[in-house]
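Protein chains: 2
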Amino acid sequence: MSHRGIRTSRRGARPGVLAIVALALLAVAGAVQADPLASWKAGATKSRIVNFVEQAADPASKGYIPAADRVAVFDNDGTLWSEQPMYFQLAFMIDRVRELAPSHPEWKTTQPFKAALEGDLKALAAGGEHALLELLMATHTGMSTEEFEAIVRDWLAKARHPKTGQPYTEMVYQPQLELLEHLRRSGFKVYIVSGGGIEFLRVFSEEVYGVPRENVVGSSVETRYEVVNGKPVLMRLPKIAFIDDKAGKPVGINQHIGRRPVLAFGNSDGDFEMLEWTTAGSGPRLGLIVHHDDGVREYAYDRKSAMGSLDKGLDEAEKRGWVLVSMKDDWSRVYPEPESRR
Amino acid sequence: MSHRGIRTSRRGARPGVLAIVALALLAVAGAVQADPLASWKAGATKSRIVNFVEQAADPASKGYIPAADRVAVFDNDGTLWSEQPMYFQLAFMIDRVRELAPSHPEWKTTQPFKAALEGDLKALAAGGEHALLELLMATHTGMSTEEFEAIVRDWLAKARHPKTGQPYTEMVYQPQLELLEHLRRSGFKVYIVSGGGIEFLRVFSEEVYGVPRENVVGSSVETRYEVVNGKPVLMRLPKIAFIDDKAGKPVGINQHIGRRPVLAFGNSDGDFEMLEWTTAGSGPRLGLIVHHDDGVREYAYDRKSAMGSLDKGLDEAEKRGWVLVSMKDDWSRVYPEPESRR
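Here the protein sequences line up with chains A and B, keeping their order.
In terms of numbering that gives the first Met the number 0, the first sequence opens at residue 0 and continues consecutively.
In terms of numbering that gives the first Met the number 0, the second sequence opens at residue 0 and continues consecutively.
The following block holds chain A by itself, in its conformation from the complex:
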């Protein structure tokens, strides 16, 4: 899944020119054949997206957006991949507690570790934010950034979704993969803006979504630069640095990107301020919300869900001009062809 444009090179000379012509011709051929949003059903939602993107890239259009300002932001959990029966990073956390448990016999009788070991989500939820924070610190900190990345990579390779039996990285939405790529081909810079951990996401964002590591905005813990035996490392400390959720999302966007996006895609009330900030700017804007109304192919939930609750957004979408994307009616398929059958 490549997301890079073609570059001329000062050193390229004639072979470079030929390669560019060949690639350009391939691109033309591709355009004639394929619908870039093949997994989006024809209808009002698809038309709205297609028109916005087409006009944004067309200097003759009233909806034109200069290339530098073509910034699109996507939430991750529930927007790019599933978030049921629990956030996948929470599943990672629980698996990690189990893996570390043999060195912590006291966890068998101490909350919130006991609940995590027993997979007791209700007891975990009863512990509130404090319980989650304690699990987070025990599983996500106390190692270098490089060690953490290796741990996440290893988990992603082995872990399987409890309902589908697929790797978590296969639980991504095919229509969204197509949209990310379509936006990039139309000159948009595409970012992920997630309440999840920035260094968790970066392990797979490039391979799975074509979103490079530097285009990921997320929650983070503090890190400290240390030279250990002559080798510099960044140690992950048991202290929250930033929560990239709700009113934190515009803050994180401003800090990382320094521009107000023109397109925002979310699915829960955690994305409300990101949508509000994006669509309050002048000029063409598009706000989109995935509505999880497909209990057959994925999950059906909104106002009352413990993960990814959508309540205020559901009430206000219409009045604010945000598009509610029905998973059931607007997507012809949800997940990509499973890896085994590709």
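Heads up, some of the hints might be wrong.
Treat identical chains as interchangeable: a pair holds within one or across any two.
Quick list of in silico lysine to any residue cross-link-like pairs, SDA-like style, CA-CA up to 25 Å [stated by the list, open to error]:
(1) Lys327 x Arg296
(2) Lys230 x Arg152
(3) Lys162 x Ser281
(4) Lys311 x Glu225
These are calculated hints, taken from the structure and not from any lab test.
As the structure is a prediction and not an experimental result, all values here were calculated from the model.
Mind docking chain B on chain A? Use the hints.
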């Protein structure tokens, strides 16, 4: 100063192909004519840079670096523009105190404002970090991000450097402008990593350096998302969020970019850890330090300077394989042709 590659477009069809061919031919013609680093004198330093960049982009070379990893980081003060007789952002701060003084009659008799109003740098320095922080909060916070940007833009248009009488944005180093562009043309992603304020830098980074806003890493104050009369804003709060200096630079790089750079260019001990972190990675690496040894065309200072002191870096550069770039001997010109004579 464009830094963008050429992109094929699904919608481009034949005109797109012709445009690409024309641009490719122009690029070839350009390569034959011009030395991209014309303001760098021939010699060991220039050869080291030219070879590193050429090999990084050449898949057949031992020094090849995959495109995604071609990340170059530049300090700003003293590396891309001058930092004498004081950091330009400090000059902004002092000018701002003077502008706000009529509404604060008590500043005439209260430090550190009195020192700022009198331009008494010695008294300011005597107040230490606390004094600077107090000035910073009074001049850089309490407004929205958009209001702050307008204030900085206005100042940059009017303010003049005390020695040269030029706008501060003309006090940039011509050889570095050439290097930034040469790196981008060779497929490098170029970032500024500065101890200065991220939102101060973003006002001019794109126009002056060709570095887009999202590629700026810097120090920051906290911001808060607020909806004021139905209009969302990000308010700048009187609280430091992050200091992007010394051991903070690798932390900022990791947070924003999520990759270890392969090239780092600094000028003071504030860049030491950034150079260390960059050059400790595996594969081809290049660390560079501007040595301010040109009292005729710019300023001559290193170990004892109040701004941009270079002491440890001077001692350790050789042993660590970092290149000391002599402003006097390696640069054929320092500043660009003044705007008035272009």
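Here is what the structure says about each hint:
no. : hint            : in the structure
1   : Lys327 x Arg296 : within (8 Å within a copy, 68 Å between copies)
2   : Lys230 x Arg152 : within (23 Å within a copy, 42 Å between copies)
3   : Lys162 x Ser281 : neither (43 Å within a copy, 41 Å between copies)
4   : Lys311 x Glu225 : between (44 Å within a copy, 17 Å between copies)
When each numbered hint is compared with the structure, a violation occurs for hint 3 only.
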